[in-house]
Amino acid sequence: MFKFCVLFVIISIFVKLEANPENDDIYYSQSQVILRDNGIRYSSSYPSQCFEILKEFAENASNFTLCTILHARPITLCEKCIKDYVKFRDKYKELLVSVVNGTSCKSIFLSQDRLNAVQEYHDNILSVWDKGNCNDCYNWTLGIPSLKSTTIDFYRMSNDTKDCISKYNDPDNSEVCNKCMQIYEQLDEFYKTLSSDSIGVDSVCMDIVDSMNATRSTWSKTLNCCNLRRTPEVVFLSCAGIISFLPILYYITVRYCGPIRDLPNVLKQSRFKQTILRGLSIESRSD
Amino acid sequence: MSNSTTQIMEETVSETTSDTAPLVSSEVPSSSNYTQLNHTSDIQETVEDELQGSHGVRRRQPIQKIEPGSMNTLSAKYESLDYDTCENHLLLDEERKRGYAFIVWKDIARWVIVLLIGVITALIAFIIDICIEEFSKIKYKQLKKSVDTYVMLDKLYIPYLLWVLSNICVVFIGSMLVAYVEPVAAGSGIPQVKCYLNGVKVSRVVRIKTLFVKAVGVITAVVGGLAGGKEGPMIHSGAVVAAGISQGKSTTFNKDFKIFQYFREDHEKRDFVSGGAAAGVSAAFGAPIGGVLFSLEEGTSFWNQGLTWRTFFGTVVSTFTLNIALSAYHGHPGELSYPGLLNLGKMEPFPFQFYELPVFMFFGMVGGVLGALWNYINYRLSVFRIRYIRSPWLRVVEACLVAAVTATCGFLMMFVLDDCRPLGEDPTKVPLQLFCADGEYNTMAAIWFQTPEASVRSFLHDPMGSYKPLSLLVFVICYFLLSTWTFGLAVSSGLFIPNLLTGAAWGRMLAILIQYMLPSNTVNPAKYALVGAAAQLGGVVRMTISLTVIIIETTGQISNALPIIITLVVAKWTGDFFNEGIYDIHIQLAGVPLLPWEPPPLAHNIYASEVMSHPVFTLRTVENVGHIVELLRVVSYNGFPVVDPPLADDAEVTTYKRLRGMILRSQLIVLLQNKIYNENANTTWSNFNVDMNMFRKEYPRYPSIEELEISDWEKTCTIDLRPFMNPSPYTLPHRASLPRLFRLFRALGLRHLPIVNDLNEVVGMVTRKDIARYRVWRHRGHMGMEELLLSSEI
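Chains A and B, in that order, give the protein sequences. Position in the first sequence (first residue = 1) + 270 = our numbering. Position in the second sequence (first residue = 1) + 949 = our numbering.
A hint or two may mislead.
[Unchecked claim] Using 25 angstroms as the maximum straight-line C-alpha spacing, the simulated DMTMM-like pairs for lysine to aspartate or glutamate come out as follows: (1) B/Lys1090 x A/Asp458; (2) B/Lys1093 x A/Asp458; (3) B/Lys1046 x B/Asp1215; (4) A/Lys418 x A/Asp430; (5) B/Lys1104 x A/Glu455; (6) B/Lys1094 x A/Glu459; (7) A/Lys401 x A/Asp458; (8) B/Lys1055 x B/Glu1043; (9) A/Lys538 x B/Glu1028; (10) B/Lys1104 x A/Glu503; (11) B/Lys1150 x B/Glu1529.
[What the hints assert, rightly or not] Footprint (simulated), chain A over chain B, 3 or more residues, beta carbon under 8 angstroms: (12) 1098-1109; (13) 1559-1573.
Hint data in this document are derived by calculation from the structure and do not stem from the laboratory. By construction, the Cβ of each residue, glycine as well, lies at the ideal position given by its N, Cα and C atoms.
Start from the sequences, fold in the hints, and give me the full structure.
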């Protein structure tokens, strides 16, 4: 058995050594074979226009992906990549609806095999966009995006706040909170009106959420402007103390001041043995 | 003690040859005449009598008075259900008249009733759920608004007092209802339903008034922010619905629909109630199989395949109806994604390794110890309540105080623990900023400003870093104490949710600790939170199979079964080492004569002659009306053996008499009420038009004997009891052992068991209380049996 193993190893090493110098050549010739095969399979029956659309779609997809990755932090991808997004989306639609000589391009590229690469990539790329609710930044009249008025308003106010903060941001930090409080509060209030949900994850476009988060973080953590909230609250604490004390008082009162009741009696059970004993005792007494 | 007992016995009984010798001889007086009835009151007890316990049975020192709140007392107030069918002539007549067509019709009617039970239970669950959800939403929205406003003004006491006040107001309404209108609706209702299914008639437990108070009470309790859940009350509601629908009439509204008369007996009613309780579980947890198992485990001793199948149908209908209603309400009609009230959310199947099994066992042990502690605290509190907090208004005040303290706890935790999390990462409904930075929310506020059920979901599903261990620890301690304080108040709320919440919190806390110890592993907090929740609940209620199935069905993940089973088994073992389950504790405190699954061990030397009540009040087959009335007035017994008249009607020489049948108090009352008697004993009886419906009409609330008007001339009339009595009651000879008696009672659901001597003469009578007074106790690995005292005043 061992001998065979050794033999096998030796042979395989030998074969590898043989193959190595010609590797590139082999791969090249293999791909040639595959390409030729493809050519036979597709070009004869499938229209070339579809492949052109596919090529453009691939380019758009790569542009859009590039853009979204570049603008990932801080999140500005909704704003910056809208053009790429529109192109990408439109091309995909075109791919879906195009029919050349009675053959739809969709039937060539989509759901043909296990990999289903075209649709998978499309969905993946789009999922980031959808997760960020990016479409919510825009009005989509006639399919052409234009920034919503709320988006514009928000950015105006956000920029005002940032300007204000950078303007007054002294090392001693005392001025900035008071100066910018009003404008910041305005922004905060406005932001809260944007979503119906109380935490704003449902519908607000991610650019806005992120921008607001950054502003809030600067405001309350870096600048420490929220310290106003922390107050001693003496009245509250004393109220809480009194109310927690009440049950103890109640239980003590009930325990020691309640009416003294008669304890329940034990029920006499009539049993056979008692009856005999009683009968016997009556007998003995009568004797 | 046993030594002295036997000595006394030998001394005193030395004159007779053996214990049971007088049973066949006819020296001991029986009581089928007036003189004997009057003599029974002056029974003189000697100290020696009291000291005599049965062999090896622990019996406490003879005492005349008992401290209320003792677990070693049975209340004499509870009656049994008549589960046994009375096979009298009327029944035979009815069977002859109706034939098989009627049986088919009855079977169909049963299925229709089960369907109705499922639907209506689900609709009640739906109404309760919607009310709680909507009212809570309003309450917490307003509170949040108030906090947001006043936190900046240094006036946090305003929202705090607002919260306290709203809690108190809401709880006050529910507590008034429970304390004054229907005290039996307090608590979860599971102990009461358990007693009912065991065969004990708990008065008013299945009335429509109770259902109403229960439903309103549970809404107020949960909206009022108490640490209580709506699941236990749902089970009780299901039971009431079942008892109501199957009878086709309501005594409260004095309305008889003239349907389902043939189900008006304890036997049928109890079967339906078991189905109703199962439907309630199913609606509460979305667990149809768990519901069936719950009925099987907690309740009925008398179980058959047909009933199981019908019950399962009922539970499925219940969860299905609730699903449709809730889906439609939440705006997804037809989607069927809301199977139960308690929705723990879909758990992912969590993979677990072999080495994790000890960890689950450890969780089970922690849950068992904590559960035992919970039960102990609650037991002490319940005893205190029984002794000192008796008047309704005191109970209302207590409930309101607890509501106020609950709000205080919540607010203090938010105030003191600054546990902040950025918005948007966790699904929070009411994010309260309080002292957190902008864009963050206070996690404690998020937990407190929602219903406890939603909090369980948060603990189960939120990501690892959502809660700091310190805040979890404080929360566990607070909620543990609050929930054990709340259970037993005069509000109707259950203990499932609070315990799941506590358990999920400490489970998550332990998960965080494990993560600290093993930084390289990724620990799934959901897994440990779920196991912790199961352990805590299992440690408190000590249910096994049904709880496992309920949790599996609620989380919708069968592959998590093994960890949950292991945890629950260990939790039960650990908890049982210290004390009993919370429901059993409450049942024992109430003094209910509940029969456990098994007869007491080592009790074969206790004979029926010791267990039975001795002077039996018997009736003759043809009996004088005056005697019956007198007997019913003097004694409180419910079943009377019917015996042959003595050969010579001599009052001086009394003998035991031969058993002919059994008749119930309710039957006698109906007979007297309808004046089924004759002036002359020799007249033929055929001119009376008597059938079963006469007896069913009054069911389940028969008038008492004092309410009947019987004039003097009628007392000389006579009744022939033979057509109405049960001619073949179960009997046992006086030498039968306690386990034998017990099994007959438990398996057949008997209420009365005449004990006869060798000549088939009645010498004694055994009822449920006579058997239930022998109780086995287990504590810290020791066990024994003791004989309980009876009292009619608790």
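Now the hints, each set against the structure:
Between the alpha carbons of B/Lys1090 and A/Asp458 the distance comes to roughly 19 angstroms, so the proposed pair stays at or under 25 angstroms and holds. As the CA atoms of B/Lys1093 and A/Asp458 are separated by approximately 17 angstroms, the hinted pair is consistent with the 25 angstroms bound. Between B/Lys1046 and B/Asp1215 the CA atoms are separated by roughly 23 angstroms; this keeps the pair inside 25 angstroms, and the hint holds. Distance check on the hinted pair: A/Lys418 and A/Asp430 sit about 19 angstroms apart at the alpha-carbon level, within 25 angstroms; holds.
Under the criterion of a C-alpha separation no larger than 25 angstroms, the hint pairing B/Lys1104 with A/Glu455 is consistent with the structure, at around 20 angstroms. Restraint check for B/Lys1094 and A/Glu459: satisfied, since their Cα atoms lie roughly 14 angstroms apart, inside the 25 angstroms limit. Our distance criterion of 25 angstroms between C-alpha atoms is met by A/Lys401 and A/Asp458, whose separation comes to about 23 angstroms. For the suggested pair B/Lys1055 and B/Glu1043, the alpha carbons sit about 14 angstroms apart, so the restraint of at most 25 angstroms is met.
Using a Cα cut-off of 25 angstroms, the hinted pair A/Lys538 and B/Glu1028 holds, with the two alpha carbons roughly 18 angstroms apart. A threshold of 25 angstroms between alpha carbons decides the hint, and for B/Lys1104 with A/Glu503 the separation of about 7 angstroms falls inside it, so the pair holds. Restraint check for B/Lys1150 and B/Glu1529: the C-alpha separation of about 23 angstroms stays at or below 25 angstroms, so the hint holds. Look at the segment 1098-1109 of chain B against chain A: 7 of its residues bring a Cβ nearer than 8 angstroms to a Cβ of that chain, three or more, so the hint holds.
With 5 residues having a beta carbon nearer than 8 angstroms to a beta carbon of chain A, the segment 1559-1573 of chain B meets the requirement of three or more and the stated coverage holds.
Of the numbered hints given earlier, the model fails none.
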